[in-house]
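Chemist: Residue-level listing of the chains:
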Amino acid sequence: MSYINEVGKYSLLIWDVFVVTLKKPPQWSLVREQLYNIGVLSLPVVAMTGFSTGLVLAAQSFFQLADKGLAGATGIMVAKAMLTELGPVLTAFMVTGRVGAAMCAELGTMQVTEQIDALITMAVTPHRYLISPRFIAGIFMMPLLTAFSVFMGIFGGYLVAVYFFKMAPFSYFDPMPRYIKTFDFFIGFVKALIFGIFIVTVSCYRGMITKGGAEGVGRSTTNSVVICYTCILFSNFLITLGLNIIRDQIERLFI
Amino acid sequence: MIIVKDVWKKFDDNEVLKGLSLNIETSETLVILGRSGVGKSVLLKHIIGITKPDSGSIDVDGQEVTLLSGEKLTNVTKNMGMLFQGAALFDSLNIEENVGFYLAQHKDPITGHKHDKKDIKERVDYALELVGLEGVQKKMPSDLSGGMKKRAALARLIVYRPQYLLYDEPTTGLDPITAMQINELIVKTQKELKPTSIVVTHDIISALYVADRLALHKDGKIAYVDTPDNFLKIDDPVIDFLRKTITQDPRTFRQRDYVKSD
Numbered sequence: 001m002s003y004i005n006e007v008g009k010y011s012l013l014i015w016d017v018f019v020v021t022l023k024k025p026p027q028w029s030l031v032r033e034q035l036y037n038i039g040v041l042s043l044p045v046v047a048m049t050g051f052s053t054g055l056v057l058a059a060q061s062f063f064q065l066a067d068k069g070l071a072g073a074t075g076i077m078v079a080k081a082m083l084t085e086l087g088p089v090l091t092a093f094m095v096t097g098r099v100g101a102a103m104c105a106e107l108g109t110m111q112v113t114e115q116i117d118a119l120i121t122m123a124v125t126p127h128r129y130l131i132s133p134r135f136i137a138g139i140f141m142m143p144l145l146t147a148f149s150v151f152m153g154i155f156g157g158y159l160v161a162v163y164f165f166k167m168a169p170f171s172y173f174d175p176m177p178r179y180i181k182t183f184d185f186f187i188g189f190v191k192a193l194i195f196g197i198f199i200v201t202v203s204c205y206r207g208m209i210t211k212g213g214a215e216g217v218g219r220s221t222t223n224s225v226v227i228c229y230t231c232i233l234f235s236n237f238l239i240t241l242g243l244n245i246i247r248d249q250i251e252r253l254f255i
Numbered sequence: 001m002i003i004v005k006d007v008w009k010k011f012d013d014n015e016v017l018k019g020l021s022l023n024i025e026t027s028e029t030l031v032i033l034g035r036s037g038v039g040k041s042v043l044l045k046h047i048i049g050i051t052k053p054d055s056g057s058i059d060v061d062g063q064e065v066t067l068l069s070g071e072k073l074t075n076v077t078k079n080m081g082m083l084f085q086g087a088a089l090f091d092s093l094n095i096e097e098n099v100g101f102y103l104a105q106h107k108d109p110i111t112g113h114k115h116d117k118k119d120i121k122e123r124v125d126y127a128l129e130l131v132g133l134e135g136v137q138k139k140m141p142s143d144l145s146g147g148m149k150k151r152a153a154l155a156r157l158i159v160y161r162p163q164y165l166l167y168d169e170p171t172t173g174l175d176p177i178t179a180m181q182i183n184e185l186i187v188k189t190q191k192e193l194k195p196t197s198i199v200v201t202h203d204i205i206s207a208l209y210v211a212d213r214l215a216l217h218k219d220g221k222i223a224y225v226d227t228p229d230n231f232l233k234i235d236d237p238v239i240d241f242l243r244k245t246i247t248q249d250p251r252t253f254r255q256r257d258y259v260k261s262d
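Listed in order, the protein sequences are those of chains D and A.
At position 13 of the first sequence (counting the first as 1) the number is 13 in the working numbering, and the numbers step up by one without a gap.
At position 143 of the second sequence (counting the first as 1) the number is 143 in the working numbering, and the numbers step up by one without a gap.
Just to be clear, a hint being listed does not mean it is correct.
[As the list claims (entries may be wrong)] Below, computed lysine-lysine pairings styled on DSSO-like, alpha-carbon distance capped at 30 Å:
#1 A:Lys45 / D:Lys24
#2 D:Lys211 / A:Lys114
#3 A:Lys221 / D:Lys211
#4 A:Lys114 / D:Lys23
#5 D:Lys24 / A:Lys72
#6 D:Lys211 / D:Lys9
#7 D:Lys211 / A:Lys18
#8 D:Lys9 / A:Lys52
[As the list claims (entries may be wrong)] Reference listing, derived: stretches of chain D covered by chain A, where coverage requires no fewer than 3 residues with Cβ under 8 Å from a Cβ of chain A:
#9 83-90
#10 121-132
[Said to hold, decoys possible] Per label pair, the in silico range of CB-to-CB distance:
#11 A:Ser142 / D:Leu12: 42 to 52 Å
#12 D:Phe237 / A:Glu122: 35 to 45 Å
#13 A:Asn14 / D:Val19: 27 to 37 Å
#14 D:Met176 / A:Asp119: 53 to 63 Å
#15 A:Glu64 / D:Asp16: 21 to 31 Å
#16 A:Lys18 / D:Lys211: 19 to 29 Å
#17 D:Lys211 / A:Ser142: 39 to 49 Å
#18 D:Lys9 / A:Ser27: 38 to 48 Å
#19 D:Val19 / A:Thr111: 21 to 31 Å
#20 A:Ile205 / D:Asn5: 37 to 47 Å
#21 A:Asp249 / D:Asn5: 32 to 42 Å
#22 D:Lys211 / A:Trp8: 17 to 27 Å
Simulated from the structure, these hints should not be mistaken for laboratory data.
Just so it is clear, CB atoms sit at the ideal spot from N, CA and C, and this is done for glycine as well.
Whole structure, please, built from the sequences with the hints as guidance.
Modeler: Put into C-alpha cells, the structure is as follows:
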C-alpha cells in the first residue's frame, strides 16, 4: 500500500513540476547553472564511458564476426548498439551517479536543515525554484550528452577497427548510412529524454521527502540511485519493445 | 490577528496537538513556553501553512490558512517570516544573497517592478548593520558561528519587513551572552517594525525578556496565557519549576520534585 502511495506522490510531483514550469518558467540564471552542472561537468565522464564502450564493442564484434566473414559489419554493430542501447543507458547511468545522487543529497540536506521550509515561508515555491530548473536542464542535456557519448563510442570503435584490426576506414563507415535509419536516432533520443526525466524527478523526489538527518540523506541518496537504475533498465526494455512494434506497424502500413 | 481554533494534529501514532486554541493580537509578542517535543514548532508550521492540521482552523487576518494552497497560500505567507531553530540559511548562497533572497525573488509591492540590485544591496547592508553583522556579506553560511547564523537569519527577515514574525527557539544552543543579543534584537525588531510576533522557546529568561504575553503549551493544548507577571503567579508544577529556575540557586531544588519524569 505504501508503494502505491509513494508512486502517487511521485506522479503528483511530476505533474506539479510540469504545471509550475509551464505557468511561470524559473529564472534563467538557475537554469543556466543546472545546464552547466548537468551538461558541461558531465562531459568528461560521459565521453570516457562512450569511448571505452566503443573500444570494447568494436573489439568484441570484430572477434565474433571476422571468422564468419562478417568483419565489415563491425561499424554497423558499434553504431547501432551505441545509438539505440548502450549510448542512452550508459549515459543515463553516469548522469545518475554524478548528477542524480548529488541532486538528491543537496535537496535532502536542504530538507533536513529546514532550508526548504524557509523557502516556503518566504513565499517561494520549492518546485519552481529547486526542481523546475533541474528538470528543464535534465531533459535538454540528456539527449545532447547521449549524442556525445554515441559519437565518442563510434569514434573509439573506429580507432580499434582501423588501427588495431587494420580494417579499411571506408569499410567501417560505408555500411552505416544503409543500415542506420532515422528511427534509430529517434529511439536514442526518446530513451535519453525519458531517462533524463526519470533521473531528475526521482532524485529530486527522494531528496524532498528525506527525513532523519545525515543518515536520512545517505539513505535517500542510495535509494534514489537504485530506483533510477531500476527505472532506466526496465523502461529501456519497454521503450525498445514499444518503439520497435510501432516501427513494424508503420512499415507494414506504408511499405 | 491570528486565531487558532481547536487544532488537532497526529503524526503516525503520536498526537501532538489536541484541540489547541490560541489568539494572537496584532503587534504583540506572544511567547509560547513548553518542554521539548510538545509540538511548539509544529504549531508555528501550522500557522505559516507548511503543515496542515487534521482538523481545526487557523485564521490569519481573516484568511483561513488551512484551506489555502499554492498561490493563495503564498500571498498570505508573503507577509510572514520565520526564524528557524537552525537558522536555515541557504548553504549555496553567500550571506548577502541569503539576506536579499526575498527581495530578489519578489517584486516591489509599491512599484510592481523587480527590486534593482542597488536597492537590494542597500537594504541588505542596513539589515546586517541592524543585527551587528557588518562586513560578512561575501561569507558563506558555513563560515559563521551559530549565533552569527541566527543573526543573519534574522536580518533575512528584517529586510522584507513581514507583518508576522515567528521565532522557533531563537536562543537554543547559544551561550547566555549571545542568547541575550538575540533577545535584544527581537525586542529591537519589535519596536522598529511592530510586527505580530510569536516566539516558541523553553528558555524562560528569553521568554520574560521579549514577551508581552506568555503561554504554556502542555499536553497538546495551551494551558495558560497571561502577562509575564501574572503568568509567573499561576499555580502549576511546570510554572513553579520555571519560577524557581530564575529565582533560586539550582542546587536547592530538584527537577523531579516539580515535573513528572518522562
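Chemist: Okay, which hints does this one fail, numbers in order?
Modeler: When the structure is compared with the hints, numbers 2, 9, 11, 12, 17 and 21 turn out to be violated.
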